[in-house]
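2 protein chains.
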Amino acid sequence: MGYRVAIVGATGMVGQEFIKVLEKRDFPMDSVSLLASDRSAGKIITVKGEAIEVKETAYDSFNDVDIALFSAGADISRHFAPIAAQHKAIVVDNSAAFRMDPKVPLVVPEVNIEDITKHKGIIANPNCSTIQMVVALYPLHQVNPIKRIVVTTFQAVSGTGINAVDELRTQTRQLLDGQKAVAHVYSHQIAFNVLPEIDVFLDSGYTKEEWKMLEETRKIMHADNIQVSATCVRVPVFTGHSEAITVEFERPMEPEQARDILLRSPGIKVLDETAVKLYPHPWLATGTDEVFVGRIRKDISSPNGLVMWVVADNVRKGAALNAVQIAEELVNRGMIGG
Amino acid sequence: MGYRVAIVGATGMVGQEFIKVLEKRDFPMDSVSLLASDRSAGKIITVKGEAIEVKETAYDSFNDVDIALFSAGADISRHFAPIAAQHKAIVVDNSAAFRMDPKVPLVVPEVNIEDITKHKGIIANPNCSTIQMVVALYPLHQVNPIKRIVVTTFQAVSGTGINAVDELRTQTRQLLDGQKAVAHVYSHQIAFNVLPEIDVFLDSGYTKEEWKMLEETRKIMHADNIQVSATCVRVPVFTGHSEAITVEFERPMEPEQARDILLRSPGIKVLDETAVKLYPHPWLATGTDEVFVGRIRKDISSPNGLVMWVVADNVRKGAALNAVQIAEELVNRGMIGG
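Protein sequence lines, in the order shown, are assigned to chains A and B. Per our numbering, residue 530 is the first one in the first sequence, and the count goes up by one each step. Per our numbering, residue 530 is the first one in the second sequence, and the count goes up by one each step.
If you're looking for bench data, these hints aren't it; they were derived computationally from the structure. Careful, some of the hints might be misleading.
Which copy is meant is left open, because identical chains are indistinguishable; a pair holds if it fits in one copy or across any two.
The calculated PhoX-like cross-link candidates involving lysine-lysine, where the alpha carbons are at most 25 Å apart (straight line), are [to be verified]:
#1 K827 - K676
#2 K827 - K798
#3 K549 - K577
#4 K806 - K709
#5 K553 - K632
#6 K737 - K632
These numbers come from a predicted model, not from an experiment.
In isolation and in its complexed conformation, chain A is listed as follows (with noise of 0.2 Å):
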């Protein structure tokens, strides 16, 4: 018995990857619509075996659909997500459109689970760099709650979509050659180049990125009071976004302690053995599942304070992998199918 799946923007680089994550955790399936804009219908993309062709998105697209993965950005499931859902679908959405929204479950399965079940038809996947950073602190939450973070990210360029990927390809084959490299899709050169700003400016100083970081983290922390002032920086990165987070607890807490409390904590894996120089990156990190977390050591700077590095593949973790753990919750559960 499976079910029927929608991908809305199934060519974009989650789309894909949402397709590659389905097919490897193998998903119950009993047809797969892959829903993108007009310039990519017709397009075949295989889904485990099957040759299947692209369609546009439209209103009558999710009337057999059980379960729709949305990533096609915030215009797009503003759109479209409500259709979905009043034909019945349950929709994944993978865009900033209803994070903050109070009807929309905001969830990390590591996290805040239980929150599906107040689901309205849609459920949001969070912001790439906030999901992997909440995975590593969530479980430290728990045993002393977590009163301020200070976190500066290093954000790859798949974030963006593939037109940021070949962009940055495209700019450093340009340097190499001795040639000037021409900035289309960042508001500078990228290449050999590192950049504060990744969504818009706000009138606080802030990026909306940066915004996003204490707004969905206090959401899917059910944690109102958590104090985050986040730097996100583009960095000439593929895949894996990395995170320096301070952090300040209540208490005192040991780096040994967090290391063991982290060791049994769902989808991390702890790397962090300075000695043989085993630490996360994102190199590492691409095409795995899991949040590493490694240079665990003592603030000293602030009396309970630890300093972290966290990296993930931020197409994986960041966006396609925890919106299937969602939905493979919702099955595991049974609130989804007819």
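Got chain A sorted already, so can you dock chain B onto it with the hints?
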């Protein structure tokens, strides 16, 4: 009237930059000795139109030298800087060998130039990531004392040296051509990757580079109570270190006030107009003298905090320029030469 200058490590990354900066700033030179390892001896380098042969650094290299600029690693400095000083040369040393020696001034001209008066033959040039941070923070500290700094760095490979620049270029080409990249200089691949490892790991879990940012900041700013926690990360950038800095003052400070202070502070260029995507980035800072500051905003996680983004050319202001500025000040004060 000019001075007799020696450059130790003349064929290295910083050595080459010493020559450029001395030429550009028209430092008054009567003669230049270019010193290096025996491997580089015999090379010819042109300084101010004159072809000069590189000599191996030896005991008698400093007989007729007024000022010796060292950048050949801590071992060479430990061995030859005292010899140069014995020969009445004033040493400006770019290595870590003497920085924390209480008898050796550690100087950033924009911050503590008066400390040069206390030298006993050797003046130390701080670590690159420390220099740009204290240039940006000291003017604020004078108005509103800083209590704590949390900093995450994005450090270019040129900070490691020419081998690392070659390694980034080689690995990048290998990966673009579909080959595997092999790591020689760093513990792991640096191309399209980021590595939270700069210098050796200490028992505290911090690296020595991170520890330097604490100790050197305190010594340069004469502020033993400042708390500093750093995470130092190598990024696939050729030149230009970037830093995400969260700073806590004794009292609140508005971003506008910080901007005003920095606008009239030496060595700083404020680039902070997010509406037109104006902020510092390494590509823009390469080959320039200034410390660039942008993204200045209230720290939403702390009442007396500011967050900012600081970028500088690590080979220029982070090393060669800072040393030459010290030499210029020795000249201006008549502290140099026979």
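request  = Of all the hints given earlier, name the ones this structure violates by number, lowest first.
outcome  = 5
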